[in-house]
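Novice: Here the structure of chain A is known, so what remains is to put chain B in place on it, guided by the hints.
Protein chains: 2
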Amino acid sequence: MTPAVVLLSGGLDSTTTLAIARRDGFAPYAMTFRYGQRHTEEVDAARRIAADAGVPQHVVVDIDLRVFGGSALTTELAVPKDRSADDSVPITYVPARNTIFLSYALAWAEVLGASDVFIGVNAVDYSGYPDCRPEYIAAFERMANLATRAGIEGRTLSIRTPLIELSKAEIIQLGTTLGVDYSLTTSCYDPSGGVACGHCDACLLRLKGFETAGLLDPIVYAETGTRSAVSRKP
Amino acid sequence: MTPAVVLLSGGLDSTTTLAIARRDGFAPYAMTFRYGQRHTEEVDAARRIAADAGVPQHVVVDIDLRVFGGSALTTELAVPKDRSADDSVPITYVPARNTIFLSYALAWAEVLGASDVFIGVNAVDYSGYPDCRPEYIAAFERMANLATRAGIEGRTLSIRTPLIELSKAEIIQLGTTLGVDYSLTTSCYDPSGGVACGHCDACLLRLKGFETAGLLDPIVYAETGTRSAVSRKP
Chain A
1 MTPAVVLLSG GLDSTTTLAI ARRDGFAPYA MTFRYGQRHT EEVDAARRIA
51 ADAGVPQHVV VDIDLRVFGG SALTTELAVP KDRSADDSVP ITYVPARNTI
101 FLSYALAWAE VLGASDVFIG VNAVDYSGYP DCRPEYIAAF ERMANLATRA
151 GIEGRTLSIR TPLIELSKAE IIQLGTTLGV DYSLTTSCYD PSGGVACGHC
201 DACLLRLKGF ETAGLLDPIV YAETGTRSAV SRKP
Chain B
235 MTPAVVLLSG GLDSTTTLAI ARRDGFAPYA MTFRYGQRHT EEVDAARRIA
285 ADAGVPQHVV VDIDLRVFGG SALTTELAVP KDRSADDSVP ITYVPARNTI
335 FLSYALAWAE VLGASDVFIG VNAVDYSGYP DCRPEYIAAF ERMANLATRA
385 GIEGRTLSIR TPLIELSKAE IIQLGTTLGV DYSLTTSCYD PSGGVACGHC
435 DACLLRLKGF ETAGLLDPIV YAETGTRSAV SRKP
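Going line by line, the protein sequences match chains A and B.
Residues in the first sequence are numbered from 1 upward in steps of one, following my numbering.
Residues in the second sequence are numbered from 235 upward in steps of one, following my numbering.
Calculated from the structure, these hints are not laboratory results.
We put the beta carbon where it would ideally sit given N, CA and C, even for glycine.
Watch out, some of these pointers could steer you wrong.
[Stated by the list, open to error] Non-contacting residues of chain A with respect to chain B, defined by C-beta distances greater than 12 Å in every case (computed): (1) D52; (2) A53; (3) P218.
[As the list claims (entries may be wrong)] Stretches of chain A that chain B covers, calculated by requiring three or more beta carbons in the stretch to come under 8 Å of a beta carbon on chain B: (4) 54-63; (5) 103-117; (6) 130-136; (7) 140-148.
The shape of chain A in the complex, shown without the other chains (with noise of 0.2 Å):
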């Protein structure tokens, strides 16, 4: 089987994009990010999807994102809660993030000889980050194919966005027929006790997309959480 690297946050995206790596004939090495969260659940969450999806390897790189400061996921700013949608950025940015992660990608692709990475990034349902845009994606594979032994050699390296013009309905329908199991991933930003707030970005547009593909959504929300309706109380 070809190799190809697959970035694993533990969340639905991400889980969902392994899921396809391996229905297009890949052996997905995944790779997960522990920078810096205020919580660890996202890790356990990847480290279960791993061992139930059996990949070849799983590795777990350590990055210090707090050096730099400036988002509600790496420092002490508080979460925001009930956001409308608008085009600013969100205070839970985290600048550069996917820069990183996807330069350490390249990194292991190179060592494994892989020509392929797959980003579980979202260009419809995405919060209003910079660097989840297709043209963010393209530059960055362009960068990749001079920055490596791959160009040089004259292979191409893709960075593969299977999730890019999807809407979160649709991932959680395409993952439904490809059996992931939503069960073991997490989403939310702002946990407590293993149970998602239901009410930060990442909750909103979670249960909205399993609201909308009419499916329920299998993890747990505190009592609190606006769309109790398609969620299961704990």
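Specialist: Positioned in the frame of chain A, the structure of chain B alone reads:
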């Protein structure tokens, strides 16, 4: 003063680049990586250089490239000695290293509100690394402007490479006119007890540079150094 992020390895090129950033009126925020090198002389040198230059801030970022294997600089493979120049990528190449370094610099620039990142890459005496070429830097810059708030907000982020077209001798001559103290710098891939080996690619390039510039290299080389005529003996 305008802030700029300057990648500072502790070597000759990055130290000269720091001096150029100051000459050009920037307040240089220095960033150094501890990345599983087999020696920490580089990080110690970077600390001395940053202190000597009185930079507004110096961060040392821990990253672990060892998880990927694949290079003499981060694993237990032997550093090649007295290699003759050819076009192949040497074993000392660290996969995607400059891409990872620039990605962190991009994150810090965004937090600082800086629009300039300096890196001392060199396309002339560059050891054959793919990520030192001008076309690579141009592609990274283009990607960076799509990756961050800067691009969305209409600012332009510049990756500045003031050394890229200079020979090693020209770099040393320029740095000397700017008052760079090269005794603070370290270049060797395989130092022993603070003494440069004199035989690895980095030592050979450095020694040839000082020789061509007609200047004395103030650092100490092992007695067995091939160019002892231009180096101070221990």
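Novice: All hints, please: hold or fail.
Specialist: Going through the hints against the structure:
no. : hint    : verdict
1   : D52     : holds, 22 Å
2   : A53     : holds, 20 Å
3   : P218    : holds, 32 Å
4   : 54-63   : holds (count 4)
5   : 103-117 : holds (count 7)
6   : 130-136 : holds (count 5)
7   : 140-148 : holds (count 7)
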